[in-house]
Amino acid sequence: MEFLGYFGGVFEPVAFMLLLGGTIGGLILGATPGLSPTMAVALLIPFTFQLEPTQGLILLGAAYTSTVAGGAVSAILLKIPGAPANIATALDGHEMARNGQGAKALHMSFMASGVGGVLGVLLLIFLTPVLAKWALAFGPSHLFWMAILGVTVIGSLDSKSFVKGLLSGCLGLWLSMIGYDDIQGAQRFIFHDALTGGINIIAALIGIFAIPQVIEMFAKGRVPSSISSLTVEKQSLMASLRETFMYKRALAIGTVCGAIIGLIPGVGGQIAGLLAYDQSRKFSPDRDKFGTGHPEGVIAAESANNAMVGPSLVPLLTLSIPGSPTAAVLLGGLLIHGIFPGTDLFDNHPQVAWTFINSMLIGQILMVVFGIWIAGWAARIAKVPTPIMAGAVLVLSLFGSYSIQQSMGDVYIMLVLGLGMFFLEKFGFSAAPLVLGLILGPIAEANFIQGSMIANAGDGAAAYFLTGTLNLMLIAMVLASMAYSFWATMIHEPRRAASSAAQTKTEAAE
Amino acid sequence: MSTSTRRLQHLVPASLVLALAATVTWLSFTREPADAFLFPRLIAVVMLLLAGWNFARAVLGLARVGTGLSAGLLIRLMPGTLVMLVYVFLAAKWLGFYVASWIAFAAIYALYDPAPHSSGAAWARRIFIPAGFMVMIYLLFNTLLKVQTPRGIFF
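Each protein sequence line maps, in turn, to chains A and B. Per our numbering, residue 1 is the first one in the first sequence, and the count goes up by one each step. Per our numbering, residue 511 is the first one in the second sequence, and the count goes up by one each step.
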């Protein structure tokens with residue numbers, strides 16, 4: 001119950017204002033189609049440089065939590081999920097809005113998000129210290145394998161192509177090695193002056209997540225906006241509250257699915273929402289009503305995608321392995337403040353760790369209150385024309401990446417990586433494993449070198465890295481994630497070939 | 511997009527990634543001090559193997575993940591991308607961050623705004639919305655965060 005002693009930090013004036021600002025800003029950004037939670041958090045990192053580490057993390061945590069929930073607004077009112085995590089919400093949420101129950105759907109989605117989110121953060125609170133103590137048993141070889149596991153799991157599970165997912169992870173690992181080597185001081189892969197200091201993680205994150213979305217907005221061309229928002233009628237809040245808790249089964253299924261999915265590195269909110277929606281439909285006596293505007297669908301999906309947020313931080317805060325791309329960005333935010341996850345975080349910076357976690361708990365409640373309050377006009381902001389959005393994100397990316405070290409080199413790196421990522425994504429490469437490789441590369445290398453030194457003084461590298469129960473377990477998990485992805489690729493391959501052939505036939509006929 | 515075009519398109523990134531992996535491997539094994547390149551060698555070899563596999567799949571026409579790039583898409587994104595490149599690589603430093611950003615924002619808005627170019631009201635929007643946004647950015651970065659940006663020939 002150590003966390004109870006750190007609630008005071010959340011209510012300090014600056015911290016609370018940041019929590020409030022992060023929550024409201026996150027809700028608006030989340031409601032805006034095209035602005036993903038990962039990109040929102042990446043763009044916010046430069047604003048945390050001047051803040052205390054705790055304050056910076058409170059801002060980022062609030063934005064992470066509320067962007068996921070805010071995505072429900074556009075999913076319900078515009079049928080455009082604000083983030084991939086809200087895809088399942090749109091299925092019944094928009095139908096409810098079309099049936100004149102838009103306000104009810106919004107109330108229910110935020111209440112369900114709040115319930116799922118609070119339980120998810122409680123899981124984070126109770127699981128993290130236990131796992132952090134367990135992480136003490138980890139030596140350099142285990143940490144090396146953990147870092148490799150982080151890259152392979154996301155490379156395997158987050159990508160539609162086994163080989164391209166892993167290759168993206170390798171590209172990220174290579175990018176992390178550019179610059180001066182920490183031990184020997186040797187120059188590595190410095191092809192341009194801008195690379196002398198290595199690739200700045202924050203500039204890279206902004207480029208990789210923001211620039212491809214800007215170019216995607218360009219790719220839409222000069223088309224008039226066809227987004228039409230449904231109007232929101234008045235609805236009693238108490239009636240919505242009562243009705244939300246009538247669907248206890250959907251809430252429970254959503255929360256459990258979200259929490260489990262969150263704990264597995266690499267499996268994001270999109271899967272959590274869709275899985276919870278599917279399971280809720282299977283167990284519901286009204287399964288035929290799903291897809292026609294049934295509240296259970298909204299409740300299951302929204303409780304799941306917010307229940308995922310807290311547990312997705314468990315592997316990050318204990319083992320430095322981010323559970324999702326947004327968690328990877330948060331890791332970048334921690335590292336720039338000189339804070340390393342794991343036992344160090346809870347032993348040496350308990351104030352930072354617990355205040356951050358507690359702020360996420362309070363943030364869930366604020367998110368429900370402000371979400372319901374601003375949902376109506378957040379939908380109007382969501383209709384901001386695409387060219388304005390593209391211009392604003394581009395300008396923010398330039399200022400954000402420059403402000404890190406006041407260096408044009410970071411700006412060039414941001415743009416080059418962003419352009420490269422856009423083209424790579426068009427050919428099936430993934431941003432998430434690349435970012436994980438970039439962030440986990442230094443951790444993997446430091447532990448590999450340290451392990452090699454220990455191995456040289458002992459029985460050799462093979463014995464040190466490839467034997468021992470924990471090493472073997474981690475290697476088995478690396479191989480299992482790769483084998484699963486390979487198997488999944490083999491299953492989807494014939495389908496993809498068939499659809500590709502059908503598309504070619506159609507084009508030929510036209 | 512025909513099958514042969516798609517295959518050809520997949521070959522381009524596959525070749526580039528293979529060339530990059532080969533370069534990284536060659537540099538890792540030839541540069542000194544060798545100890546500094548121990549970890550890069552490990553990663554480079556894995557990357558080369560995966561890049562080789564990816565290239566073989568592209569040659570055999572088995573690489574199907576990803577939508578590829580159609581001519582229409584390239585035409586649509588080209589003007590905005592050009593503005594972005596000129597803005598970041600030339601204008602930001604030469605004109606100064608704030609002026610260059612305002613011009614780039616307004617140019618992107620004008621290029622992709624569906625409103626007719628003959629409309630005076632549309633042009634007013636295209637000029638004043640980016641200007642308003644830049645005032646916010648100035649207050650945020652210059653006044654609040656005290657970030658000293660390149661001033662260039664203007665501001």
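Some hints could be false.
[To be verified] Some chain B residues close to chain A (C-beta under 10 Å, calculated; not the full set): (1) VAL522; (2) ARG541; (3) ILE553; (4) ASN564; (5) ASP623; (6) GLY630; (7) ILE637; (8) PRO640.
Calculated directly from the structure, the hints in this document are not laboratory data. Heads up, the beta-carbon is just placed ideally off N, CA and C, and yes, glycines get one too.
Verification of the supplied hints:
Against a cut-off of 10 Å between C-beta atoms, the interface hint on B:VAL522 holds, since the closest Cβ of chain A lies about 8 Å away. Below 10 Å, beta-carbon pairs count as interface contacts, and B:ARG541 has one with chain A at about 7 Å; its hint therefore holds. A least Cβ separation of about 5 Å between B:ILE553 and chain A falls short of the 10 Å threshold, and the interface hint therefore holds. This hint holds: B:ASN564 has a C-beta 5 Å from the nearest C-beta of chain A, less than the 10 Å allowed.
Checking B:ASP623 against chain A by beta carbon gives a least distance of about 5 Å; that is within 10 Å, so the hint holds. Given the 10 Å rule on beta carbons, the hint for B:GLY630 is violated: about 18 Å separates it from the nearest Cβ of chain A. Taking 10 Å as the C-beta cut-off, the interface hint given for B:ILE637 is violated, the closest approach to chain A being about 12 Å. For B:PRO640, the interface hint holds, the least distance from its beta-carbon to any beta-carbon of chain A being 6 Å, beneath 10 Å.
The earlier numbered hints that this structure contradicts are 6 and 7.
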